[in-house]
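Start from the sequences and build out the full structure, keeping to the hints where you can.
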Amino acid sequence: MVTEMTSTQDRTNIQAKTGKNIDRVDGRLKVTGEACYSAEFPLEGIAHGYIIQSTIAKGTIEAIDTSQAEQLPGVLAILTHQNAPKLNSLKSKNFGGGYPGENFLPLQDNQVHFDGQHIGIVVAETYEQARLAASLIEINYDEAEPMFDLEQALEQSERYDPGERLQPSWGDIEGGLQQAAVTIEETYTTPLEHHNPMETSATTAEWHDDELTVYDSTQWVMGTRGMIARGLGLPEEKVRVISHFVGGGFGCKGFFWTHPLLAAIAARKVNRPVRLMLTRQQMFSSCGHRPRTVQKITLGADNEGKLTAIRHHTDTETSFVGDHAEPCGNITKMLYACPNMEIKHQIARTNTGTPTPMRGPGETSGTYALEAALDELAVKAGIDPMEFRIINHADRHPQSDKPWSSKHLIECYQRAADAFGWQNRDPRPGSMREGDDLIGWGMATATYPGYRFPTAAKAQILANGKVIVSSATHDLGTGTYTIMTQIAADTLGLPIERVKFELGDSKLPIASVSGGSSTAASVSPAVRSACEAACFKLIEMAIADNESPLHDYQAEEITTEAGRIFVKESPEIGETYEAVLQRHNLPLVEAEISPQDKGSRYKSIAARTKPGIVEDEGGSDEFAIHSFGAHFVEVRINPRRNQVKVSRVVGAFDVGRILNQKTARSQIYGGTIFGIGMALMEETLLDPHSGRVIIHNLADYHVPIQADIPEMETIFVEYPDYHLNPLGARGIGEIATAGIAAAVVNAIYHATGKRVRDLPITPDKLL
Amino acid sequence: MKHFTYERASDRTDAITQVAANPQAKFIAGGTNFMDMWKEGVETPERLIDIRKFPGEITVTDGTLRLDATTTNSQVAYHSQVRDRYPVLSEAILAGASPQLRNMATTGGNLMQRNRCSYFHDVSYPCNKRVPNSGCPAIEGINRMHAIFGTSDRCIAAHPSDMCVALAALGAVVQTRKPDGETRNIAFKDFHLLPGDTPHIETALEHGELIEAVEIPPLPWAKRSHYLKVRDRHSYAYALVSAAVALEIEGDKIVNARVAMGGVGTKPWRSPEAENALIGAKNNEESFIAAASAALEGAKPYQYNVFKIELAQSTLVQALLTVNSEQ
Ligand SMILES: Cc1cc2nc3c(=O)[nH]c(=O)nc-3n(C[C@H](O)[C@H](O)[C@H](O)COP(=O)(O)OP(=O)(O)OC[C@H]3O[C@@H](n4cnc5c(N)ncnc54)[C@H](O)[C@@H]3O)c2cc1C
Ligand code: SF4
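Protein sequences appear in the order of chains A and B. Following the working numbering, the numbering of the first sequence begins with 1 at its first residue and continues without gaps. Following the working numbering, the numbering of the second sequence begins with 1001 at its first residue and continues without gaps.
By construction, these hints were calculated from the structure, which means they are not laboratory data. Any given hint could be a false lead.
What the hints assert, rightly or not - With a straight-line cut-off of 20 Å between C-alpha atoms, the simulated SDA-like cross-links for lysine to any residue are: (1) B:Lys1039 / A:Ser135; (2) B:Lys1002 / A:Glu128; (3) A:Lys765 / B:Tyr1302; (4) B:Lys1039 / A:Ser594; (5) B:Lys1002 / A:Glu138; (6) B:Lys1282 / B:Phe1307; (7) A:Lys537 / A:Pro454; (8) A:Lys91 / A:Leu234; (9) A:Lys765 / B:Arg1144; (10) B:Lys1002 / A:Leu136; (11) B:Lys1039 / A:Thr55.
To be verified - Each pair of labels, with its calculated beta carbon distance range: (12) B:Lys1178 / A:Ile46: 36 to 44 Å; (13) A:Asn271 / B:Lys1002: 37 to 45 Å; (14) A:Met198 / B:Ser1293: 51 to 59 Å; (15) A:Ile46 / B:Asp1153: 23 to 31 Å; (16) B:Lys1053 / A:Ile46: 32 to 40 Å; (17) B:Glu1040 / A:Ser594: 29 to 37 Å.
Keep in mind it's a predicted model, so treat the numbers as computed, not measured. Virtual Cβ for every residue (Gly too), placed ideally from N, Cα, C.
Here it is in C-alpha cells:
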C-alpha cells in the first residue's frame, strides 16, 4: 500500500491510492461484528414489532380478532386497519406513475391486493412475544379470485401503460425482415425472482417529541426520509434516516416499502423505540421482486450478417398497488446498429406484490433474451457469435445517434476471447467433449448505462490533522466507504488513516439512491471537489495571513501535497493544514459542494491533477454514456445427469477508470454470480391455485453456492470516461449481471444442441 | 414463541422415560431438521430432550458396522471403514446438506428428518401430514419435488434423505428401544412407512421409542458401490433424483446388485425390480438401461414432476456405468 506521499515533485497524486488494491476500510468493523446494522442499534427501552401478513392474494378482510393476542404478556399494541392512524398519500410530482416501490399505504383499508401484504403490526416487549401474538390473531377474509396468471392477466386484467418511452420504434420492421437472408423468432421467459440479500430488511424507529429518527436498511436515506415525512405528514427536517451499513440490497432496499412507516407509527403508538426486522420468509413478499417476463424476439440479418430488423416485445406484470415493471427492451434499442427497430412492452396488473428493480432492472432480463436470440441468429447465419456482434457493433447510439462518451466494446470482445481461448472453439454443438462430459462455450455482450446523479459532499479539515468527508450516500457492501476515503486521501495527499468518510445519514449533504450502479460515479467527484474546496479555503486563509509563509502569493501559485500547502515552484515555501488552523485558533475548516456546483472551481489544485481531466460535471446531452463488456463462459454437462456446471468465466469490461481494483473486481464477481444464478437456478414459485408465493427460504430458493462458481477472470480495459465525471469512473455492479445468463444459455446450446428458452435451466429442462 | 422446556438427558433410559411421559415431548439431536420446522410453527413441542451429547461411536463386530444414533453425519461419512467398505454411504452423506449441517446432524436425526414439501412447511396451508384430514394442496399444486412412487391420495411428499437411500440399498437394520425397555431390530425397508391414509405417521417408531443405532450387515461386494445425485445446484440442495447402487460382477456377469433411489419415493426407494433385472445380466449399458426401466415401471408422476421418470432412469444408468467402470 502506498502511504504518505513525500515527493513534492509528484504532481499527479490523485493516482496515489485511487485505483489501488486498498483493503476495505470498514472490513475490520464487519468481521468483528462492530458494524452496527439497522436492526442492531441498542436503543434504550426498545420494543419489538412483528408484521402480520395476509394469507390470501386477493380479497377483503372481514374481521380481525386480536383479543387472544392482546392478552399475552408483553404485548404493547396491535395496529391493524381498524385502529391505525390515517396516513397521507405518498404520491408526489416527483414520484408519479412508474415510481419503483409501492405507492401503497399500509393499514388504511381492508383490501388485500397480494399474498403477504402487510395488514398489521404487533408490538411487544420482546421479539418472541410479538411473533407469538401475531400467530394468534384470527383473520377472516372474503376471498376473491386472484389474477396471477400472466397470460390471462394480459387478456383480462387491468393494464399499466408505461407511456411512449418504452415503445420506441424506427425504420420499417416488416421491410427489414423481408430484406433478411436469415430470421429467427423465438420467445424467452424469465421467472419471478427475489433479491435475497443476506441482511433482511429492518427498521428501528425512535421519536423525540415530534422528531423521528429511523435506522433503516435502505439504499436511499433521502428517499426514505421523504416518503416517511410525506406519509406521516411531517416536514422533512423532522425526520432523520440512518443507514450506516447495508447487508446487500440488490434493489430491494432501493425504494420505499411499508415497513418503515409501520415501525414509525408503532413507535409513536407505544411511545418507545420500535425495532422491526423482517424475517427471511417475509422478504419474499415485503420488498419487491423481479417480475416474470415473456419476451418475443424477432431478428433478421442479411447475407453479411448485418442486422436488418430487431423486434423485442415484452409481456410482463406489475401489481395493483404500484407501477414498476421490467423495461426489457431498453437495452435492445442501444446495443446493436440496426435500421429497423420495434420495442414494445405490455404490462398487466396481477395480484402479486409490487416488482422493483433487481440487479439490472430490464438490462438483465432484456440482455438475456436478446443475447440468446442473437446467438440463435448467428448460428443460423453460420457466423461466429463474437464476429456477429462485431459486425453489428453500434458506433453511435442507434436511437439518438449521439456519439458514445467512451466505448471500447470491441477491445473487450477481443481481450476476453483471447484470454478464454475462443479461437479454439469448434462451433458444432456437442463437438467438444472431455470423458463423458459435453463441453460448451458461449459468449454474450454486457451493457449498463453510465448513471450519475446529483450529489453533495462536505469536507472538514481538522486542526488535529484528520479529515472528515461526508455525503448521504450508502455502502451496500460495495466499497463506498473505501473508495471515497481513497479519493479524499488522494485529493489532499494524505494517508488513508487520516481520512474518515461518513455516509448513510440524511443529515449529511444530499445524495441520491445507491441504485443503477451510480454511486461511485456520482459521489466521487463531489468528494473530490469538497476536499479541494476545503483546501482552497486554507490557501485563502494563508494568503491573507501575514504570519504565513504563503502570505501574498496568488492562489494559482499554490498547490497541496501530503497535508501541506506550498508554492508550486518552491515547495519549501509552505506549511501544513494544521499550522494554518492552529494559528487561526480554528478547530477545522470545512466546505460543502452542493449538487448544483459545477465541478471544481478550485483551479489551483485541480491544475496539478492529471492532464486531460475535463473540469466539468459531465453526463452531458452530447454523449450517450454506457458501460460495456463481454462474457465468455464454459459449461460442462454430463448428458445423463443433465446438471450444468459452469467451469470457466472470463469477462472483459469497459467501465471507465477503476477506483479500487479489489472492490471493482468483487463487484464483477458478485454480478457474474447473480447471472449464473439467474441462468441456472433462481426462481420463486407461485401456488397455481391460490397465487401465493410458496417458496420462502434459502433452502428452497436457490442462489449459487461455492460449488456452482468457478474461478473467474476479470479484465478491465481501462479508459477513463471524463464525459461522465472528472474522475473518469463509471459505476460497476449491474454491468456484470447483464448478459451473463445468455452466455451460459448459449454455452449450454453449444454443449448439447438444445435451446432452452425458459429460465432457470434446471436439469429437468435438459431432458 | 410458545413456551417449552428443555433438558439434556443423562442417558438413554432417562431420555426415553422423559419423552414417553409427555405426548408433546420430542428428542432433539443435531437440531438441524427440527429447528427449521419449529421456527416455522410446523413443530410445536412442549418439551425437548437433548440426546446429542450421548456417546456416538462407530464399531465393527463380526463385519457388521454399527453406527450409534448420535454419530454425526460427518463422522460417518469420513470414517475409514465406511469409506472403504461402503463408499455409497459415504458419498450419499456427503451429497447432502452442507459441511456445517453435516457436522451437527446425526444418524438418528437423518433417519427421522421430515420432508421438504412447501405446503407442509407453511402452516397457512392445509396439509394432511401436519393436520390429519385437512387436505393435500400439493397434489394439484407445485409438486416438482414430490414423489412418483409410494404416494397416496392423501400425501405425495418425497422422502428427502440421501443417507437413507444408501442405507436402504445396503439393507441396514435400525435398532431401537421402546419405553417399556424392549429393544427392536427394524429392517430398513420397514422403518419408514408409506403415507397411505395416515401420512402423519411416518415411521415404525412409537412415541418415546429411541433409535439407538443403525447396523449395516457385512456386504463385501459393496466396496463397489456409488451414490449419484442430481439437484438444482451443485451442493446444498435436495435431490431431484438420486441413485445408490452396488454391483458384484463375476466375469461379464452381474451376480449381485443393490439399487435404491432418492427423490422419487415417499420413503427411501429400494428397487427389487432393478436388482432382479441386473442379477444374472451382463454388465453392460444395455442391461443398465433395462434395469433402469424396470426400476421406474409403475411410477406415477404429477403435473410438475413427470421429468423424474426419465431423469431417474438416466441417473441410474450413469450410476451403474460408474460402478461398473470401477476397480
Ligand atoms: C438447509 C438444509 C439442507 C439439507 N439438505 C439435505 C440434503 O441435501 N440431503 C439430506 O439427506 N439431508 C439434508 N438436510 C437434512 C439433514 O440431513 C437433517 O436435518 C439431519 O440429518 C437431521 O439430523 P439431526 O441430528 O440434526 O436431527 P434433529 O433435527 O435433531 O432431529 C430430527 C428429528 O429426529 C428425531 N430424532 C433425532 N434423533 C433421534 C433418535 N436417536 N431416536 C429417535 N428420534 C430421533 C427428533 O426428535 C426430530 O424429530 C438438510 C438440512 C437443512 C437444514
Ligand atoms: S404432499 Fe404431504 S406433506 Fe405435502 S401438502 Fe400434501 S400431505 Fe402435506
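| request: Look at the Cβ atoms of Met198 of chain A and Ser1293 of chain B and judge whether their distance stays inside 51 to 59 Å. | output: This hint is violated: roughly 45 Å between Cβ atoms.
| Is the straight-line distance between the alpha-carbon of Lys1039 of chain B and that of Ser594 of chain A 20 Å or less? | 49 Å, violated
| message | Check the hint pairing Lys1002 of chain B with Leu136 of chain A against an upper bound of 20 Å on the C-alpha distance. | response | 11 Å, holds
| request: With a cut-off of 20 Å on the C-alpha distance, tell me whether Lys765 of chain A and Arg1144 of chain B pass. | output: Holds: Lys765 of chain A and Arg1144 of chain B sit about 12 Å apart, inside 20 Å.
| Could one say that the CB atoms of Glu1040 of chain B and Ser594 of chain A fall in the range 29 to 37 Å? | At 50 Å between Cβs, range violated.
| message | Just to be careful, I want the Cα atoms of Lys537 of chain A and Pro454 of chain A compared with a cutoff of 20 Å; is the pair within it? | response | 23 Å, violated
| said: For a C-alpha distance cap of 20 Å, please report whether Lys1002 of chain B and Glu138 of chain A respect it. | reply: Holds. Lys1002 of chain B to Glu138 of chain A sits at ~17 Å (cutoff 20 Å).
| Between Lys1282 of chain B and Phe1307 of chain B, is the straight-line Cα distance small enough, at 20 Å or below? | Roughly 28 Å between the alpha carbons, so the hint for Lys1282 of chain B and Phe1307 of chain B is violated.
| Taking 20 Å as the top limit, are the C-alpha atoms of Lys1039 of chain B and Thr55 of chain A close enough? | 18 Å, holds
| Is 23 to 31 Å right for how far apart the beta carbons of Ile46 of chain A and Asp1153 of chain B are? | 50 Å, violated
| request: Given the range 32 to 40 Å, decide if the beta-carbon distance of Lys1053 of chain B to Ile46 of chain A lies inside it. | output: Once the Cβ atoms are compared, 35 Å apart, the range 32 to 40 Å for Ile46 of chain A and Lys1053 of chain B holds.
| said: Check whether the Cα positions of Lys765 of chain A and Tyr1302 of chain B lie no farther apart than 20 Å. | reply: Measuring from Cα to Cα gives roughly 16 Å; hence the hint holds.
This entry does not satisfy hints 4, 6, 7, 12, 13, 14, 15 and 17, going by the numbered hints stated previously.
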